[in-house]
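Enquirer: Produce the complete structure using the sequences and hints provided.
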Amino acid sequence: MRNPAITAVLSGLLICWAAMVAAFEIEEDTLFAGTGTGGELRILSTTDTGIFAPLLRAFQATRPDVSIRYTVASSQEVYRALYDEGAGYDLAISSAMDLQMKLANDGFAQPFRGAAGFDWPAWAHWQDRLFAFAQEPVVLIVSRAGLGDLPLPRTRQDLISLMRDYPDVFTGRIGTYDPTLSGAGYLFATQDARQSDTFWRLAEVMGGMHPRLYSASGAMIADLQAGELVMAYNVLGSYAEARLDADAGDVIVALEDFTLTLLRTALIPQQAPSPELGAAFLGFMLSPAGQQIIETQTGLPAIDESALAAGPHLRPIRLGPGLLVFVDPLKRERFLEEWRAAVQQPSDQP
Amino acid sequence: MSSARATSPSIRQRLVLQLVVVAALLSGLLYLSVRTVADAAVETTQDSILGAATTTIADELRGGEDGIEVDIPYTAFSMLGAIGQDRVFYRIMVGNQTVTGYDDLPAPDGTASGLEPRYYSRPFRDVDLRIAAVSRTVLVQGRAVEAVIIVGQTRQGQAAIVANMANRAAALGLGFFVVATLLSILTAGTVLRPINRLAEAVGRRGPQDLRPIHRDAPRELAPFVTALNGFITRLGGALSRTETFIAEAAHHIRTPLATVRAQAEIALRQTNDDATRTALRSVVRAVDASARSAGQLLDHATVVYRTDQRTDERLDLGALTRDIARAFEPTADLREIVIALDVPVDPVQVTGDRLLLESALRNLVDNAIKYADPETQVDIALKLGDGRAEILVCDRGRGLSGVQAQALTKRFQRGENVGDVVGSGLGLTIVNEVAQAAGGSFDIVNRKGGGACATLQLPLS
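Protein chains in written order, with this note's numbering: chain R, 1 to 350; chain D, 351 to 811.
A few of these clues could be false.
Pairs of lysine to aspartate or glutamate residues, derived as EDC-like cross-links and limited to a Cα-Cα distance of at most 20 Å, are as follows [claimed, not checked]:
1) K331/R to D723/D
2) K331/R to D106/R
3) K720/D to D683/D
4) K331/R to E419/D
5) K102/R to D421/D
6) K102/R to D119/R
7) K720/D to E708/D
8) K720/D to D793/D
9) K102/R to E333/R
10) K331/R to E410/D
11) K102/R to D478/D
12) K331/R to D128/R
13) K733/D to D692/D
14) K331/R to D416/D
15) K102/R to D84/R
16) K733/D to D696/D
17) K798/D to E725/D
18) K720/D to E679/D
19) K798/D to D696/D
20) K733/D to D793/D
21) K102/R to D453/D
22) K102/R to D476/D
23) K331/R to E725/D
24) K102/R to D454/D
25) K331/R to E415/D
26) K720/D to D673/D
27) K760/D to D793/D
28) K102/R to E305/R
29) K798/D to D723/D
30) K720/D to E686/D
31) K331/R to D421/D
No lab work stands behind these hints, which were simulated from the structure alone.
Expert: As C-alpha cells, this is what we get:
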C-alpha cells in the first residue's frame, strides 16, 4: 500500500545516529556549537533544520555561550519520545497540535511565565504550558501546467467537481498526506472532517483517483515540481510559499470554503535537563525580535491576529481539550478505518 | 466650674465603635457570602458542563457483536474548554476493564447512575480533579453490559473566576464598610443630640434656678428628666425649710431669752439681798451670753445657707461700712470708745450678698469694740488698690496673745486671753466664710502698740 516513492524519500531522510541511544526515530541531528560554558540547549522539533537555522543562530548571537542541539523527528516520534520514553529535551516543537495538546494536558509540560509584560493572544496558547509561535494556512497546491485549461478550484466543491469531470487528468496525479503515517496529516484530516461533511465526499472522490500518499509536505511539493502531481491537498503553506516558483506556473490555493490554519507550538518538557535554556529560547521565539526573525528569515508566518481577521476563510485550529478527542486510540482507529474505507478503493488493495 | 472628674468613655465613642464593629462584621459576612455563592454558582455551572460532556460521550456508546464501540464526539471535550483552560481526563470502563482513556482515573465509590451524572472530587496524578461519571447499559453479543464513562477536569478556570468574584466582593465589602462607618458617625451624632441639648439646658441654668425642666426629651430620657425634676423640687423644698427653720429658731430662742432677761432685771431691782442680786446678775450675764451665742449661731447658719444660695448684687461698700459703724456707736459709747471712720466719699463698688457682707462687717466691728480697752479708739478704714477693696478694723486692747488667725477662724475657737468677755467663738469664722464666698480673704494680726488689726479684702466689681 505504501508508495515506493515515499519509501525512498523516507529512507533518504532517515538518519539513525549511533551516538544517540534513542528508541525513537531521528531524521536530523545538528549541533550548533557555542563557546560551551552556557550548557547545551536540546530542541526536539518537527521543523526542518534548514528552516529553523536562522532563528537558532539569532538566539545564539544573544547567548554565544550556549550550544544548541537541534533534533528533527516526525511529530509522532516527538510525541512518543516525550510521552513514552521521557527523552531529555529542553524544548519540544511540533506541528501536530493534538499531540502537543495531549502532552500538555497530561502534565508533560512545564509552565512558562515569560518576561514581565509578556502577553500572548489567548487563542495562541493553552494555559502557561503550550505556546504557538507560528501560524500557517494549510493549502492546496496546483501545477498550472498539469491542470491545462481547466479552471483553478476555489472551494472543495470545485475540487470535487473537477475530479469527477476530468478523472483522466487527476488519476494517480493527486497527492495528500497519509494520516496513518503523518501526525500533521492526521490532524488536518480530522479537523477537515470536523469542519465540514464535504471532507468525506472529497476523500471518496479522491480515493477514486488513486491518490499518492505522503508523510511530509516537502515530498509533495517536490513531486508537484517534478510534474508527477497535478495537485496536492493539505500542504503546509509556509513550505509551499518557500519552494514553489510562481513563474513555473505552480499556484497556491487557499480554499475559500475554509482553510485550516495550523499553529506550530512549543512546550518545555517536564523532564527537561535545562528547562531554563528551553524557557530562554521559547521567550526569544515569542519576543517581538524572535517573531520578526520567524516571519522574515524562516518563512514561517508569525503569530498575527490581524492576518486571521483579514482572511474570513481562515480557521485556526483551536488549542483546547477538543484536540484530545482525536488522540484517543479508539477514536483514531475508528477515524483511520473510515478514512481507509473512503480513500483506499478495492482496486488499491494489493 | 471645671471638674477633673474621671469620665468613662463617651457614649458617642462607644456607639460609633460598636456600629463600626458591626459594619466590619457585616462586610466580612458579605464578602464570605458573595464568595461562597459565587463558588457554588460557578461549580454548579462547571458541573453541568462536565455532566453534559460525559453524557454526550455516553450517548455515543454502541454495543455490537465485537464488543463496545465508542466514538467520542469532538464537542464533548471542546465544550469543556468553554470556561477556562483546564486539563481534561477521561476513562471508559466496562466492568473493571478500561476500554479507553486513563486507566488510573478514579472511578466513583458507588455505582454510577444512567440518568444523572455523579459528581465527585479526587486527586489524580499531580492535580485535583472534579469528576463526573455516568453509566450506560449496552447490548454486546446479546448480553447487557454496563459501561461507565468518567470525565475529570481541573478547576483552574473556576478558581480564576471565583478569585475574580472574590476581589469584587472584597471591594464591595470595603465600600459597604466605609459607607456604614460614615453613617455610624452621623447616626451617633443624631442619637446623642437630645442628650447634649438637655445637658446644655441644665448646665446653662443659674444657681438659683430651681424651676423644673420643661423640655421635650426623648422617651428614653423621660425617666431621667422626671427624676431630675423631682430632685430639684425636693432641693427647693429642703432649702425653703432650712430658711424657715433658721427664722423660727432665731425667734424661738431669742424671745424666751429676752423674757428671762427682763424678768431677771425686774427681780434685780426689787431685791435688796446682796447674795440674790449677785446671783441674778450672773443670770443676766449668762442669758446675754446665750442670746449672743444663739444669735451668732443663727448668723453662722444664715451665712452657710446664703453662701450656697446667695443673691449677688452691686453694693457700695463705703455706704455699707458707714451704716455698720453708725449702728455700733451706742454700744461703743457705753464703753467710752470712739470709732474713727476713714472711708472714701466716692462709692466703692463690689459685687456680693448684702446680708453676708453686713454680717461680716458687724462681726468685725463687734469684735473690735468687745476686745478694745475702755476709752480707746477703734479705727475703721476702707482702702482701695490693685482691684481690691480692703477694710481694716483695728483696736487697742489685749490683742491675740500669740494665737494665729487661722486658728481663730475655726468654729467655736476663741483666744486664750478672752477671759471675762462674752463670746461664742463664731464671729471670725463667719467673717472668714463670707470673705471666701465673695472671692476675698481675711486676716487678723497683732497691732503695734497693743491691740489687734483685722483685714477683710474683697474684689472690686
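Enquirer: If a hint holds in the structure, say so; if it doesn't, say that too.
Expert: Okay, the hints, checked on the actual structure:
Our distance criterion of 20 Å between C-alpha atoms is broken by K331/R and D723/D, whose separation comes to about 142 Å. Distance hint between K331/R and D106/R is fulfilled; the C-alpha atoms sit about 18 Å from each other, no more than 20 Å. Restraint check for K720/D and D683/D: satisfied, since their Cα atoms lie roughly 12 Å apart, inside the 20 Å limit. Among the hinted pairs, K331/R with E419/D is consistent with the structure: their alpha-carbon atoms are about 10 Å apart, no more than 20 Å.
Taking the CA atoms of K102/R and D421/D, the gap is about 18 Å. The hint holds against a cut of 20 Å. A threshold of 20 Å between alpha carbons decides the hint, and for K102/R with D119/R the separation of about 23 Å lies outside it, so the pair is violated. The suggested pairing of K720/D with E708/D holds, with an alpha-carbon distance near 18 Å, which does not exceed 20 Å. The suggested pairing of K720/D with D793/D holds, with an alpha-carbon distance near 18 Å, which does not exceed 20 Å.
Of the supplied pair hints, the one linking K102/R and E333/R holds, its CA atoms being roughly 17 Å apart against a limit of 20 Å. Between K331/R and E410/D the alpha-carbon distance is near 12 Å, which keeps this suggested pair within the 20 Å criterion. For a cut-off of 20 Å, the pair hint linking K102/R to D478/D stands: about 18 Å separates their Cα positions. Distance restraint check for K331/R and D128/R: the Cα-Cα separation of roughly 28 Å exceeds the 20 Å cut-off, and the hinted pair is therefore not satisfied.
Taking the CA atoms of K733/D and D692/D, the gap is near 9 Å; set against the 20 Å cutoff, the hint holds. Restraint check: the Cα-Cα separation between K331/R and D416/D comes to about 16 Å, which is no more than 20 Å; the hinted pair holds. Between the alpha carbons of K102/R and D84/R the distance comes to roughly 12 Å, so the proposed pair stays at or under 20 Å and holds. With a CA separation close to 12 Å, the supplied pair K733/D and D696/D stays within the 20 Å bound.
A threshold of 20 Å between alpha carbons decides the hint, and for K798/D with E725/D the separation of about 18 Å falls inside it, so the pair holds. Note on K720/D and E679/D: the hinted pairing holds, with a Cα-Cα distance of about 13 Å set against a maximum of 20 Å. With a C-alpha separation of about 30 Å, the suggested pairing of K798/D with D696/D is violated against the 20 Å cut-off. Taking the CA atoms of K733/D and D793/D, the gap is near 15 Å; set against the 20 Å cutoff, the hint holds.
Our distance criterion of 20 Å between C-alpha atoms is met by K102/R and D453/D, whose separation comes to about 16 Å. Simply put, K102/R and D476/D have alpha-carbon atoms about 16 Å apart, close enough for the 20 Å limit, and the pair holds. The hinted pair formed by K331/R and E725/D fails the criterion: a straight-line CA distance of about 146 Å is larger than 20 Å. With a CA separation close to 16 Å, the supplied pair K102/R and D454/D stays within the 20 Å bound.
The straight-line distance between the Cα atoms of K331/R and E415/D is roughly 18 Å, inside the 20 Å bound, and the hint therefore holds. The suggested pairing of K720/D with D673/D holds, with an alpha-carbon distance near 19 Å, which does not exceed 20 Å. Among the hinted pairs, K760/D with D793/D is consistent with the structure: their alpha-carbon atoms are about 13 Å apart, no more than 20 Å. With a C-alpha separation of about 25 Å, the suggested pair K102/R and E305/R falls outside the 20 Å cut-off, and the hint is violated.
Simply put, K798/D and D723/D have alpha-carbon atoms about 15 Å apart, close enough for the 20 Å limit, and the pair holds. Using a Cα cut-off of 20 Å, the hinted pair K720/D and E686/D holds, with the two alpha carbons roughly 12 Å apart. Straight-line distance between C-alpha atoms of K331/R and D421/D comes to about 6 Å, which keeps the hinted pair within the 20 Å bound.
The structure does not agree with the numbered hints 1, 6, 12, 19, 23 and 28 stated previously, though it agrees with the rest.
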